[in-house]
Amino acid sequence: MVEKFDAIVVGAGPSGNSAAYTLAKAGLKVLQIERGEYSGSKNVQGAIMYADALEKIIPDFREDAPLERHVIEQRIWLLGDDSYIGTNYRSDSFNSEKPNRYTIIRSQFDRWFNEKVREAGALVICETTVTELLRDANGKVYGVRTDRVNGEVHADVVIMADGVNALLARRADFQKELPPENVALAVKEIHFIDPALIEQRFQVKDDEGVVIEIMGKVTGGMVGTAFLYTNKESLTIGIGCLISDFKEKGITPYKLLEDLKNHPVIKPLIEGGEVKEYAGHLIPEGGYKAVPQCYGDGWMVVGDAAHLNNAAHREGSNLAMTSGRFAAETVIELKKLGKAPVASNLALYKKKLDDSFVLKDLKKYRNLPGIMHMSPQFFGAYPDLLNGAAHDLFTVDGVDKKTKENKILKSFVKRRSVFGLMGDAFKLARAFR
Amino acid sequence: MSIIKVEDKLYQNRYIVDENRPHIQIKDADVCATQCKTQPCTFCCPANCYSAEEDGKVNLVTDGCLECGTCRVICQDNGNISWNYPRGGYGISYKFG
Ligand code: SF4
Ligand code: SF4
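Here the protein sequences line up with chains A and S, keeping their order. So the first sequence is residues 3 to 435, counted in our numbering. So the second sequence is residues -6 to 90, counted in our numbering.
If you're looking for bench data, these hints aren't it; they were derived computationally from the structure. Just to be clear, a hint being listed does not mean it is correct.
Said to hold, decoys possible - Below, a list of computed lysine-lysine pairs in the BS3-like style, where the Cα atoms sit at most 27 Å apart: (1) S:20 <-> A:234; (2) S:-2 <-> A:278; (3) A:269 <-> A:257; (4) A:249 <-> S:50; (5) A:269 <-> S:30; (6) A:249 <-> S:30; (7) A:341 <-> A:269; (8) A:416 <-> A:251; (9) A:251 <-> S:50; (10) A:234 <-> A:58; (11) S:20 <-> A:251; (12) A:337 <-> A:6; (13) S:30 <-> A:257; (14) A:404 <-> A:416; (15) A:6 <-> A:31; (16) A:251 <-> S:30; (17) S:50 <-> A:257; (18) A:178 <-> S:20.
Please model the complete structure; the sequences and the hints are all you need to start from.
Here's what the structure looks like:
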């Protein structure tokens, strides 16, 4: 006899763990299937974790979750060839009893989360790859096939939390292949380093942390961003650009990462560390317009697999956790009402997404991905110009300020016409509005 | 400019290699040689799994694969890559991620 569950969750990242945990807590019979050795072994993120989304699932997570540092300072840097211009925002109020952002090491965090899923009563099976959805003559999903012998399992509903590649949904024709301009490839390294050096270089103490988001010359004019995050005893540094740009420019991702590490303002921050891992992963960047159909008869798709990622604000795991929770709550509510998990009823999941920050935020920035892609000057010319302008302004050399200002203005207009500048400002303002 | 050795980077990683069962395959070697001018897989793969051969074909060794999906996305016009995840338990196993 094939075993039957109330729900099967495919994948044990933040969205899958949130879904499985919420379902199991409500007493449902849940099977979670993960292809890696353990939850987290296939997962990659910067990583920053937003407390709010997790608090709604595990309110007392701070008691034992493996958190690295709470973020007290956020820097946004535009890099020039040998300089940066940017903003730093540090506040002691981030040292509250319940900080809102932490750096984490994903494979450790996911493992902890998955332990909670098991404790809540879900059956978790690792080292098992789900190869396809099982569907009846009407297309309704009634289970999954795995690569195990006799590896068929049935359930009332299948929640796909299998990550950005979303192979299951694509194989079932629920989603089309990701267009190269809607997805970024990011590579990163973790550098272990003496915590005393972290404290000294980033002016932090105890568990305080700093995160730096980086744009500019390091992406070689491609649409992309880089980052440098402080963990307890390590730094993570990474860079990502749209696949379409990598394809067009012919720059290798590891060359980009090396250039970032060797940049004169970055190098002194990471010097003396020992690299312990190199990772690569895709990030969904298509925004609101790229969000696919996320439910149907007997199925829902959550997290990266549903393209739920806010590229403008570098938020993903909170959308993943929230969507996983919503999918689970939908199943729980339908079960209480005795309603079947068919598409018309699972539409409730979409409504929850629509009514929350998840799709509201994505909708707000719906035009941003396109603008960034159409306007490479945001990633090449502007960082250059701003760095040049700062350099001129801060160099005391006997030239009067008015002349300097004129020179700066001219440099902007030369690289991009006045209309171009105005148009960019307008487009950007509208997209961010 | 020094050549960046991806192998040195991958050396840090933990892999459980599924011997002789590559999870990604090039469907038709001739398509790479004759219909794919820029061969983007050879420079976009973050683990340098694809290398251009002298005869115009492309050689794929998946041992260092990070399972990112870039090659599948990039080759979609030619549709010349059959892309699967490794069998359960095999492939990259991130210690930190
Ligand atoms: S991108 Fe596809 S068709 Fe082109 S060389 Fe690579 S595998 Fe062959
Ligand atoms: S999945 Fe990623 S790492 Fe693996 S071969 Fe394709 S591009 Fe390379």
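Results for each hint:
In summary, the hint linking residue 20 of chain S to residue 234 of chain A is not supported, as the alpha carbons are separated by about 45 Å, beyond the 27 Å threshold. This hinted pair checks out: residue -2 of chain S and residue 278 of chain A have alpha carbons roughly 15 Å apart, not beyond 27 Å. Between residue 269 of chain A and residue 257 of chain A the CA atoms are separated by roughly 15 Å; this keeps the pair inside 27 Å, and the hint holds. Restraint check for residue 249 of chain A and residue 50 of chain S: the C-alpha separation of about 18 Å stays at or below 27 Å, so the hint holds.
With a CA separation close to 37 Å, the supplied pair residue 269 of chain A and residue 30 of chain S exceeds the 27 Å bound. This hinted pair checks out: residue 249 of chain A and residue 30 of chain S have alpha carbons roughly 12 Å apart, not beyond 27 Å. A distance of roughly 58 Å separates the Cα atoms of residue 341 of chain A and residue 269 of chain A; the hinted pair therefore is violated under the 27 Å criterion. Our distance criterion of 27 Å between C-alpha atoms is met by residue 416 of chain A and residue 251 of chain A, whose separation comes to about 24 Å.
With a C-alpha separation of about 21 Å, the suggested pair residue 251 of chain A and residue 50 of chain S falls inside the 27 Å cut-off, and the hint holds. Taken as a hint, the residue 234 of chain A and residue 58 of chain A pair is honoured in the structure, with Cα atoms around 25 Å apart against an allowance of 27 Å. Our distance criterion of 27 Å between C-alpha atoms is met by residue 20 of chain S and residue 251 of chain A, whose separation comes to about 26 Å. Distance check on the hinted pair: residue 337 of chain A and residue 6 of chain A sit about 16 Å apart at the alpha-carbon level, within 27 Å; holds.
Our distance criterion of 27 Å between C-alpha atoms is met by residue 30 of chain S and residue 257 of chain A, whose separation comes to about 22 Å. Proposed proximity of residue 404 of chain A and residue 416 of chain A is supported: the alpha carbons are some 18 Å apart, at most 27 Å. Between residue 6 of chain A and residue 31 of chain A the alpha-carbon distance is near 9 Å, which keeps this suggested pair within the 27 Å criterion. Our distance criterion of 27 Å between C-alpha atoms is met by residue 251 of chain A and residue 30 of chain S, whose separation comes to about 14 Å.
For the hint pairing residue 50 of chain S with residue 257 of chain A, the CA-to-CA distance comes to about 24 Å; that is within 27 Å, so the pair holds. Proposed proximity of residue 178 of chain A and residue 20 of chain S is supported: the alpha carbons are some 20 Å apart, at most 27 Å.
Violated hints, in rising order: 1, 5 and 7; the structure is consistent with all others.
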